[in-house]
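Just so you know, the protein sequences line up as chains A and B, in that order.
In terms of the numbering used here, the first sequence is residues 1 to 292.
In terms of the numbering used here, the second sequence is residues 1 to 156.
Simulated from the structure, these hints should not be mistaken for laboratory data.
Computed from a prediction, not measured in an experiment: that's the story for all the values here.
Beta carbons are placed, not taken as given, at the ideal position from N, Cα and C, and that holds for glycine.
With beta-carbon atoms standing in for the labels, derived distance ranges:
1. A:Glu-11 to B:Gln-6: 22 to 30 Å
2. B:Arg-134 to A:Ala-155: 37 to 45 Å
3. B:Gly-114 to A:Arg-41: 31 to 39 Å
Straight-line Cα separation of at most 20 Å, SDA-like style, residue types lysine to any residue; simulated pairs:
4. B:Lys-125 to A:Val-86
5. B:Lys-125 to A:Val-76
6. B:Lys-125 to A:Ala-73
7. A:Lys-149 to A:Arg-41
8. B:Lys-125 to A:Gln-87
9. B:Lys-125 to A:Ile-184
10. B:Lys-125 to A:Ala-181
11. B:Lys-125 to A:Thr-178
12. A:Lys-149 to B:Gln-41
13. B:Lys-125 to A:Ser-91
14. A:Lys-150 to A:Pro-42
Short derived list, chain A residues pointing at chain B, Cβ under 10 Å:
15. Met-1
16. Leu-5
17. Gly-28
18. Thr-29
19. Val-33
20. Phe-45
21. Arg-50
22. Ser-94
23. Pro-95
24. Arg-98
25. Asn-180
26. Ala-181
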Amino acid sequence: MDVLLPRSLDEALALKARRPDAMPIAGGTDVMVDVNFGRLRPPAFLDLGRVPELATIRQENGQVFLGAGVTYAAIVTGLTAFRPLVQASRSVGSPQIRNRGTVGGNLGTGSPAGDALPVLAAYDAEVVLRSQARGERSLRWDAFLTGPKKTAIAADELILGTRWHRSRGPGSFSKIGTRNAMVIAVAGLCLVMDEDARRVRVALGSVGPTIIRATDAETQVSAAMDQAGVWQDPTITLANEIVDEFARLVASAARPLDDVRGTAAYRRHVCAVLARRSLAWALEGRRRPAWL
Amino acid sequence: MVVRTQVNGERREAEVWPGSSLLTYLRDGLGLYGSKNACEQGECGSCSVWLDGALVCSCLVLAAQAHDREVRTVEALNDGQRLHAVQQAFIDAGAVQCGFCTPGFVVSVADLLGRDPNPGPVTIKEALSGNLCRCTGYQKILDAVNLAASRLKAAT
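With the hints as extra help, turn the sequences into a complete structure.
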């Protein structure tokens, strides 16, 4: 077993090209668990912790680029304008885990329970990949996350980070688990309101083989807000039937399984509850537009 | 492979299997047994140390990732003469039962009080959410945090 310790992105990409079997490791909060329990014995590790290019956040032309090596602790203090992402980041593990864990790790692991992933899905984010041989390419989040712990990354590629259009509007991330810390979500939900597109976007985590967008619910509630004039006048109340239908459509978008953390029926119920709460928070937020 | 680090202000090195964690390197490589090995999955916080000043679970750091970096462990907290205020507060508040989780808690509390000398109850609970006490002696641990905070404030 070898450990490769590149000190720049170019060096890291050259090493990955030469050793496509090398397992990238950044925070180690997923990878090391499998190593410690004897489930993972890669021929080599590629430590990305010393690659400065990966630990950057850039905002330009209405877009945000979040480097794969930015830790959850750094997001909480550095990206305060992105409330759902901050909420998701702060719900990851514990202080020790947030000091190490990265968004690149959530993406690379590709678990449907990765807390940052529903937020990236609701942001319509793309994943930026690079290889030495073919250069850079970007895949929409749903083209990148192809299944439970499966992604579209090629063996010689590294995840550079993720990029999304900055939109105006309230939003939140919420998750259900047995306690507030150190919890793998039973279900997680991110709701974002895009004021300019007049569109509500909802993404679900931990309730399917991968992250799910509740597109029927998005279309229903966005149109209902249009019809009722809520987009123009946030003081108008959305009828109860519309909220009920939204919650029902979000729950029906889930494709949950029974497992040790919860039953499929419970997960579906949780989705409806989180959908209703998130919609109420966002509508309330629009009445007090602190996000403007 | 040989991993070279700066541990508690001293240059140290030890040979470890390349898949070893920083915790294994500290305990089996360097004989620093203060950091405890319990869950090996970042769940319990018993192995908490500082890596380049950041509080981490040493079981989730690949030893090689700490190569040429600075590590600070619970062993560094007392100055050789006197216990650290957090350690003394744990004794005085009776915050130690079986004692296995104590080094991890002491490190996390020292980290918290280093950043926030006057933490409220919610801040304390969030800061300690990555440390588990299976004896469930949490109330006295919280008492120890407040005692250490008040003593550190009185001393400055």
